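Chains A and B, in that order, are what the protein sequence lines are.
As numbered in the working numbering, residues 22 to 131 make up the first sequence, in order.
As numbered in the working numbering, residues 41 to 153 make up the second sequence, in order.
If you're looking for bench data, these hints aren't it; they were derived computationally from the structure.
Some clues are possibly wrong.
In the DSBU-like style, the derived pairs of lysine-lysine whose C-alpha atoms are separated by at most 35 Å in a straight line are [as the list claims (entries may be wrong)]: (1) LYS77/A - LYS84/B; (2) LYS54/B - LYS97/B; (3) LYS77/A - LYS89/A; (4) LYS62/A - LYS77/A; (5) LYS24/A - LYS77/A; (6) LYS84/B - LYS97/B; (7) LYS54/B - LYS89/A; (8) LYS38/A - LYS97/B; (9) LYS54/B - LYS84/B; (10) LYS77/A - LYS54/B; (11) LYS49/B - LYS97/B; (12) LYS114/A - LYS89/A; (13) LYS24/A - LYS38/A; (14) LYS114/A - LYS24/A; (15) LYS62/A - LYS49/B; (16) LYS84/B - LYS89/A; (17) LYS38/A - LYS77/A; (18) LYS114/A - LYS77/A; (19) LYS24/A - LYS84/B; (20) LYS62/A - LYS24/A; (21) LYS38/A - LYS62/A; (22) LYS62/A - LYS54/B; (23) LYS77/A - LYS49/B; (24) LYS49/B - LYS84/B; (25) LYS62/A - LYS84/B; (26) LYS24/A - LYS97/B; (27) LYS97/B - LYS89/A; (28) LYS49/B - LYS24/A; (29) LYS97/B - LYS77/A; (30) LYS54/B - LYS38/A; (31) LYS114/A - LYS84/B; (32) LYS97/B - LYS114/A; (33) LYS89/A - LYS24/A.
The structure presented is a predicted model; accordingly, all values stated were derived computationally and were not measured.
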Amino acid sequence: ELKVEQNPLFLSMQEGKNYTIYCNYSTTSDRLYWYRQDPGKSLESLFVLLSNGAVKQEGRLMASLDTKARLSTLHITAAVHDLSATYFCAVDKSGSRLTFGEGTQLTVNP
Amino acid sequence: NAGVTQTPKFRILKIGQSMTLQCAQDMNHNYMYWYRQDPGMGLKLIYYSVGAGITDKGEVPNGYNVSRSTTEDFPLRLELAAPSQTSVYFCASSYYRESEEQYFGPGTRLTVT
């Protein structure tokens with residue numbers, strides 16, 4: 022059974038600081054997705070990572086994938102309040118099925 | 041494009057009642073999915089479909105049924121609702137599996153009392 026673990030689950034950080042969210046998964050996969058969810062809202066796609074070594078950046082967020090270590094990271098640079106949300110990683114298991122992590126609830130304080 | 045739409049937005053059911061959650065997409069996507077999200081948790085896959093007439097179980101299918109008679113629509117049926125089915129339900133779609141992210145609807149918040 023595929024397990025996807027994120028850490029930390031809760032993250033409170035100050036504006037302007039950097040931090041990294043980690044996503045570990047238990048079985049081989051080379052497709053990993055990052056989503057953002059604002060409170061009471063739906064999920065918004067952030068990044069699609071499709072191969073070992075893939076790195077994608079959008080604004081203050083950068084995601085990477087190491088399939089050999091079964092690890093993806095979401096790095097936040099110089100955080101701003103607008104980045105406060107819950108971030109999910111999801112791994113493509115097989116047959117179009119995604120397994121989601123529990124989510125990392127990020128709060129950026131002024 | 042409306043994207044992925046879901047109705048209703050909110051619903052309260054009594055134990056033992058049945059209902060259908062509607063999901064439609066206008067992006068001509070082949071793949072459609074139903075997830076549930078319990079408070080403070082990630083999403084769990086209930087059922088999915090790779091095309092009209094084809095459906096398959098996900099991680100937590102018990103207590104639910106689906107059908108896919110058209111490319112656009114993928115309704116989720118709850119029979120004999122139970123309190124354990126209190127959750128937020130999200131429908132999603134994608135064009136095809138390889139390299140495509142899933143696009144999510146706004147969700148249906150269901151309470152069973």
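- prompt: Are the Cα atoms of LYS114/A and LYS84/B separated by 35 Å or less?
  reply: holds, 13 Å
message: With the threshold set at 35 Å, check whether the alpha-carbon distance from LYS54/B to LYS38/A stays at or below it.
response: Violated: LYS54/B and LYS38/A sit about 48 Å apart, past 35 Å.
field: 35 Å limit on alpha-carbon distance, applied to hinted pair LYS77/A and LYS84/B
entry: At roughly 26 Å apart (the allowed maximum being 35 Å), LYS84/B and LYS77/A satisfy the hint.
message: Holds or violated: LYS97/B and LYS89/A, Cα atoms, limit 35 Å.
response: Holds, because 29 Å separates the two Cα atoms, which is no more than 35 Å.
query: LYS54/B and LYS97/B: Cα distance at most 35 Å?
result: Holds: LYS54/B and LYS97/B sit about 25 Å apart, inside 35 Å.
query: If you draw a straight line from the CA of LYS62/A to the CA of LYS84/B, is it 35 Å or shorter?
result: holds, 17 Å
field: Straight-line alpha-carbon gap LYS97/B to LYS114/A, limit 35 Å
entry: OK: LYS97/B and LYS114/A at ~14 Å, within 35 Å.
query: Given the hint that LYS62/A pairs with LYS54/B, does the C-alpha gap stay at or below 35 Å?
result: holds, 25 Å
query: Holds or violated: LYS38/A with LYS97/B, Cα cutoff 35 Å?
result: Not OK: LYS38/A and LYS97/B at ~43 Å, beyond 35 Å, violated.
query: Is the Cα-Cα distance between LYS62/A and LYS49/B 35 Å or less?
result: holds, 11 Å
message: Please verify whether LYS114/A and LYS89/A have alpha carbons no more than 35 Å apart.
response: Holds. LYS114/A to LYS89/A sits at ~16 Å (cutoff 35 Å).
message: Next pair to validate is LYS77/A with LYS89/A; report whether the Cα-Cα distance is within 35 Å.
response: Roughly 18 Å between the alpha carbons, so the hint for LYS77/A and LYS89/A holds.
This entry does not satisfy hints 7, 8, 10, 30, going by the numbered hints stated previously.
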